[in-house]
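Q: Chain W is fixed; fit chain H onto it per the hints.
Chains as they are written, first to last, in the numbering used here: chain W, 1 to 215; chain H, 1 to 103.
Do not take every clue at face value.
The calculated label-pair distances, taken between Cβ atoms and stated as ranges, are [claimed, not checked]: (1) H/Ser71 x W/Ser42: 17 to 23 Å; (2) W/Arg139 x H/Tyr35: 26 to 32 Å; (3) H/Ser94 x W/Ala111: 40 to 46 Å; (4) H/Ala79 x W/Ala111: 39 to 45 Å; (5) H/Pro78 x W/Val78: 33 to 39 Å; (6) H/Ile29 x W/Asn21: 50 to 56 Å; (7) W/Gly156 x H/Ala79: 23 to 29 Å; (8) W/Leu137 x H/Arg14: 42 to 48 Å; (9) W/Asn21 x H/Lys41: 54 to 60 Å; (10) H/Ile84 x W/Ile124: 26 to 32 Å; (11) H/Tyr35 x W/Ser103: 42 to 48 Å; (12) W/Gly175 x H/Leu26: 31 to 37 Å; (13) H/Asn39 x W/Arg178: 55 to 61 Å.
Simulated from the structure, these hints should not be mistaken for lab results.
This one's a predicted model, so the numbers in the text were calculated from it and none came from an experiment.
C-beta: ideal position from N, C-alpha, C; glycine also.
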Amino acid sequence: MASHDAVGSMQGVITEESIWNGGRSPYAIGSKKLGMWLFILSDAITFSALLMAYSYVRVGSPLWPRPFAASSIANATVMTFVLLSSSVSMVLAVRAAKLGERSQTVKWILATMLGGVAFDVLHIREWLGLIAEGVRLFRNPWGTPLFGATFFGLTGLHMTHVTLGVIYLGIIAVGVHRSKFTSEDVEVSGLYWHFVDLVWMFIFPLVYLMSAKFA
Amino acid sequence: MITHQTGEHVQGKRIFIYVWCYLLALTLIEVVLAYQQLNLKTMLVILMGLSVIKATLIISYFMHLRYERLSLVVTLMPALIFVIGMMFAVFPDSLRLLQLGIR
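Pulled out of the complex, with its shape left as it was, chain W reads as follows (with noise of 0.2 Å):
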């Protein structure tokens, strides 16, 4: 804050343009964006922590299973396609959002939500289908008993936050469409979707096809 003197001359120390009086932005990005930024920096690091975990049990296991034939191969390559693809419509929305357009950025944030709906729906059908057929936490019929925990926790842990992020692309939804939210909502609800995509990538080849059935 300047301190002028009678003659209106400024004196103070700090002047209106210090940094110190705040309204910069840091990175030049808004505070929401980097919030966002920092929250996906230490989900990362726990989803890299449990997926080191599963990798080490895995390579050190010469009796880990190999239970995914090529249907759930298959079905996981449809839940991998499903994933980049509502990736692909959230990246479209955020364009929207930027572009002012709001019916199509609703649009295609419903777009992204069906894609999270679709990945959950075909991933709650193999998880069923694998424990008809009798894997448990910590047991299955197979091999090493870990698999399960190892399996579950690491998916259903994703599954969680896919869940979680077609929530929160709901109430962005909704926010946008009452022209509550901007479209810098729109773009930091979209990173989070993005690393959602993003630790699928690491799930899909070191737990399916790093176990996928030869015979």
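A: This is chain H only, laid out in the frame that chain W set:
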């Protein structure tokens, strides 16, 4: 209220479709590779490599990091890579376990 933020560059749709196609192609390559019955370690290295490429594409283009300030990239990426790199330190122990033949 959705406002058009002036000065911000809005991309055309084409680049996103290209990235999507690359991601799908890389996915299909991974699936084909899975059925090649390679040695486990080789498979792991190749799959991780392809996944890192896919991750880079998603982070750069979908998450827009390619068009953000370099300072943001430098703040986020090296930390993540470092932490994940540190975790890799346990892998020799995993291979030791494998050689011990513990079921």
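Q: Run every hint past the structure and note whether it holds.
A: Now the hints, each set against the structure:
At roughly 19 Å, the beta carbons of H/Ser71 and W/Ser42 sit within the given window of 17 to 23 Å. A beta carbon spacing of about 28 Å between W/Arg139 and H/Tyr35 agrees with the range 26 to 32 Å that was offered as a hint. For the hinted restraint 40 to 46 Å between H/Ser94 and W/Ala111, the CB-CB distance of approximately 41 Å keeps it satisfied. At about 33 Å, the CB distance of H/Ala79 to W/Ala111 disagrees with the hint of 39 to 45 Å.
A beta carbon spacing of about 35 Å between H/Pro78 and W/Val78 agrees with the range 33 to 39 Å that was offered as a hint. A beta carbon spacing of about 53 Å between H/Ile29 and W/Asn21 agrees with the range 50 to 56 Å that was offered as a hint. Between W/Gly156 and H/Ala79, the C-beta spacing of about 27 Å keeps the proposed range 23 to 29 Å intact. Between W/Leu137 and H/Arg14 the CB atoms are about 46 Å apart, so this pair conforms to the stated range of 42 to 48 Å.
Between W/Asn21 and H/Lys41 the C-beta distance comes to about 56 Å, which sits within the given range of 54 to 60 Å. About 29 Å separates the C-beta atoms of H/Ile84 and W/Ile124, a value consistent with the hinted range of 26 to 32 Å. Checked against the given bound of 42 to 48 Å, the beta carbons of H/Tyr35 and W/Ser103, roughly 45 Å apart, stay inside it. Between W/Gly175 and H/Leu26 the CB atoms are about 35 Å apart, so this pair conforms to the stated range of 31 to 37 Å.
The supplied range of 55 to 61 Å is met by H/Asn39 and W/Arg178, whose beta-carbon atoms lie about 57 Å from each other.
Comparing the model with each earlier hint shows a violation of hint 4 alone; every other hint is respected.
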